[in-house]
Structure formats: structure tokens, C-alpha cells
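Chain residues, written in single-letter form:
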Amino acid sequence: MSDTQVNPLTELSEAMAEAVAKAGAATVLVDARRRMPASGIGYASDLILTADHVIERDEDIKIVLPDGSEVRAQVAGRDPGTDLALLRLERAATAVAQSAAQEARVGQLVLALGRPTPEGIQASLGMVSAIGGPVRTGRGGLIERYLRTDTIPYPGFSGGPLVDTAGYVVGVNTSGLARGASLTIPVALAWQVADTLAQHGHVRRGYLGLRSQPVEISEAGQRALGRQQATGLLVVGVENKSPAVEGGLIVGDILVGVAGQPVADHDELLSRLTGDIVGKPTPVQVLRGGQPQTLTVTVGER
Amino acid sequence: MIGANDVLKFSSLLAEEMAALVRRVQSSLVVVRGRRYGAGAGIIWDSDGLILTNNHVVGRQTPFVLLGDDREFEARLVARDPEIDLALLQIPAQDLPAASIADSNHLKVGELVFALGHPWGQRGYVTRGVVSALSQAQTSGKRGRIPIIRTDAPLAPGNSGGPLVNAAGAVIGINTLIVGGDQGVAIPSYLASEFVASSGFAKHFVKEREPAEAII
Chain A
10 MSDTQVNPLT ELSEAMAEAV AKAGAATVLV DARRRMPASG IGYASDLILT
60 ADHVIERDED IKIVLPDGSE VRAQVAGRDP GTDLALLRLE RAATAVAQSA
110 AQEARVGQLV LALGRPTPEG IQASLGMVSA IGGPVRTGRG GLIERYLRTD
160 TIPYPGFSGG PLVDTAGYVV GVNTSGLARG ASLTIPVALA WQVADTLAQH
210 GHVRRGYLGL RSQPVEISEA GQRALGRQQA TGLLVVGVEN KSPAVEGGLI
260 VGDILVGVAG QPVADHDELL SRLTGDIVGK PTPVQVLRGG QPQTLTVTVG
310 ER
Chain B
17 MIGANDVLKF SSLLAEEMAA LVRRVQSSLV VVRGRRYGAG AGIIWDSDGL
67 ILTNNHVVGR QTPFVLLGDD REFEARLVAR DPEIDLALLQ IPAQDLPAAS
117 IADSNHLKVG ELVFALGHPW GQRGYVTRGV VSALSQAQTS GKRGRIPIIR
167 TDAPLAPGNS GGPLVNAAGA VIGINTLIVG GDQGVAIPSY LASEFVASSG
217 FAKHFVKERE PAEAII
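Going down the list, the protein sequences come from chains A and B.
So in this note's numbering, spot 280 of the first sequence is number 289, and the numbers just go up one at a time.
So in this note's numbering, spot 192 of the second sequence is number 208, and the numbers just go up one at a time.
No lab work stands behind these hints, which were simulated from the structure alone.
One or more hints might be untrue.
Covered stretches of chain A (in silico footprint by chain B; criterion: 3 or more residues with CB under 8 Å from a CB of chain B, positions within the stretch not fixed) [claimed, not checked]: (1) 127-134; (2) 159-170; (3) 299-307.
Source: prediction; values computed, not measured.
Quick reminder that beta carbons are idealized off the backbone N, C-alpha and C, glycines included.
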């Protein structure tokens, strides 16, 4: 290697240290449980995004910033379904993390960051090992996509960021979703949940009040629908006075779409029933006697 | 714009550089066999036969040192400090490939590191990671608290006394404690330098050595 060429190894090392410094400036200590503190991410100058399961008390929540100063915080919103929580600082005090523009890719080098002690930022290097999902979590939550990495989830890393080698956030790490195994919630979903929590304090999850099971749709049924859709949800029960009943759904209907989007299984139905749809009259498409019909159902809130 | 070819060229240079670094560091890596304990690792501190390793690797009696070229020597224990778990050995050999020593005072979390040693007896094994944390540990001796380097490079028994090197191949620490298999602790190289200097056996005390240039 000639003198004019850079050493790619030292360049990479320097870049990773820079990435840690940059993202570490927006990574804070979250002290809201009895055992060791966890980590959090500056989402706005007065908002910290962290893992829901590390918030064990509503009062006396303490944030320690990278410079060692302490700021009190209150819960602005929690979403156990995605294990995310948003904390509001008593004053605008944190640096704000920048999210990666591109979705994470399998094989991409990443760093998991955490600040469980006031001693300084901590990091572990690895790569995106797999991208999985959708996966259902407790309390009606559904995560459309999650990342697995081979970084080491050190104690107190929950709520901290997974960043790329330029220091941009690609996800939020948590060990609270998969029985202690570490998962990473992709930044697009995490930011979306944080935005909802900042506005409403919780993530709205819809409720129809029906029991269903996936069934195949016959070729004739698919022709009648005018699209290729192999499965739908056969309604096998409806609850009294539920949104489903009010909207005219009956046992024997095959639910095939919600709000103009096809619904082929339970996971798709759950993911369609979140957010702005809740509380609003929504078109629900069914096959009844082999013929498509569109009913209007006002989606309830769970 | 950086094209796909540039990226691939960069990654192949990166791979070559990594392999060259490991070869370089391996030449300064030794096996230290205590008589009562299993084998550990050590580094050639200077070309006249000073070997640095962990105190707990050496044990109570005269250890043996096996060089990369398979020559084996009975070593003389010249200094030890159980508090920071370091020991200095002398072997009767000349013109040895000494390790280059980095200044660990300028370490940053996230820096790329490689750990070399002989985990489970596998000679010259290399693992990679980063500086995970710069923290402190309580000692049982007069120092009280000492700075330590935590790394996520996987370590196992047999890594003890081996080098933790930076992306330039210079030693930043001596791998010392293995916590739960996935969290290693290294004694920073400047503590090692101080230890060697205070032993009075080093011919020259070099506080900061420039890392050797990579030649491919």
C-alpha cells in the first residue's frame, strides 16, 4: 500500500468511533426502575424515546444526559404493544438523534449503543443478521417488521439506538418483546409510534368484536372479487352490540378487505386496525354468498 | 458519487488489510505455559526477549514461552503485579519481532479492535469487536480503582495475557478477565507500559510507539 492511499481499516475504525460519538450525544440514561438504569434516545429536544418495559414507575423518572447533568421527566405516552415509551423532559435539554434514510439490510454493519451508567457511552459492533416479521406481541400489538443483530445486548441497552456506521439510527433495541432475546424495532415504526405517543399518549388499536378463522377463497370467489386473493377471514362469531354487529357483519361472511386494502389473515387485519382508522366509519369488504359486498363499520377502540 | 466498483475495491482492500494486520500481530504473539495452570497468551514486549503476560497465567513456578516460530524457552520471571494481573518474563532470545504499543489514553468507544490469543488451546486465534466501554474496576490492592477497556470481541480461557490491538495493529490492552464469555476486559497498554518501566528491566521505556506502517 502506498503512502497516498488510506488504510481502509483505520478509516473504518475512525468512522465507527465517530458514529458512536455522534449518536451517543443523543443517547441518554433512563432511570425509572429498581434495578440498573436503561437507555433512551433523544426524539425531540424535550422528548426521549425508550423501551416501555424499563419504565417501572410513573414518578421520579430521572434522565442523565451525556454531559452528566440530570433532568426530570414524565411519561408522555406508552405503547406496551411495541414496547416503546415516550418521556417528556421538564426542559428542552437533549440532542436529537437522526434517523437513517434507508431501511436496514441484512449484512449491514451496525452498532448497538447504550448508556446504562454515567461513566460514558457503551457500544457493541455487529451486523443485521435477519429481518423478520410480522410478529404479534402482547396486548394486541403487532410489529410488522423487526431486526435481529449479532451485537451484544449488554444489560441496560434496552431503549438505546441501533445505528449505522455513519451514526444514523436504524432502530430501537429492546429485550422486552421476545422473552429476553434482543430485538430491534425499525426506526420507521419506532418514529411513527413516538409521533403518535407525542400526540395522543397512546397508540390507538382498533376493535371489531368478531371471531374469525382464515379460509381459502374459491376461484369463483376470487373472480367475483376481481383480484387474486388466496385467503380471507371467515367470521365464526360476533359479539353483541359490537362494531361488527352495528356495521352489519354476520356469521358466515368472509372478510377480505378493510379500508380498501386486502386482508388475508389475522396479522393483516390487526395491522389495518391501528392508528387513524379507529373511531371512524370504515369500508369493510366481505364475500357473502360468494358475492362481494362493502359494509361500513365504525371501528371501535380496544 | 462512489460507484459499486469503488465500494467493492474498498471492501477487498479492507479484507487484505485485516489479514495483514493479523499476520503482523501473530508474529509478536507467544504461548505462555505455566506448570500448574493451563496455557495463556503473551506478547513480545521488546526484541531482546521481554515477554508480557497475565500474572495468573504464570502461576508460581518458572513458565515456558513458545514463540510463533515454535522455539520454546524456559522463562525467568522478572516482575509481577497481581493487582493489575501483569507479569514480565525474560527469555534468552534476540532479534524478536516486538509488538507495537499504542497510547491507550486516546481510545474512543466504537474503535475497531482485534483480540489474539489461544482460546481453548487454538493457537493464534483472532476475534474482532469494538471498544465497548471505557470504565473502571475496583482492585484489591493499593491503586483502588483502575481504568479498564471493555470489549465485545469474544474471549475464552487461553486469551488471557494476549493483546487487544487497534485497527493499526498496535497493542491497546492486555486481555485479562473474561466475563460471561461475551464481555472481555483488558488492562490498558499505558498501565502495562508503566508496569514494565517500573520493573527496571526494560532497556528503553517508550511511552508511545508509532504503529508500524502496513505494507501490502
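Just to make sure I understand the rule, a stretch counts as covered if three or more of its residues have a C-beta closer than 8 Å to a C-beta of the chain. Does the segment 127-134 of chain A meet that for chain B? holds (count 7)
Counting residues of the segment 159-170 of chain A whose CB is closer than 8 Å to a CB in chain B, do you get three or more? Holds, because 3 residues of the segment 159-170 of chain A bring their Cβ atoms closer than 8 Å to Cβ atoms of chain B.
Between the segment 299-307 of chain A and chain B, see if three or more residues pass the 8 Å beta-carbon test, and mark the coverage as holds or violated. violated (count 0)
When each numbered hint is compared with the structure, a violation occurs for hint 3 only.
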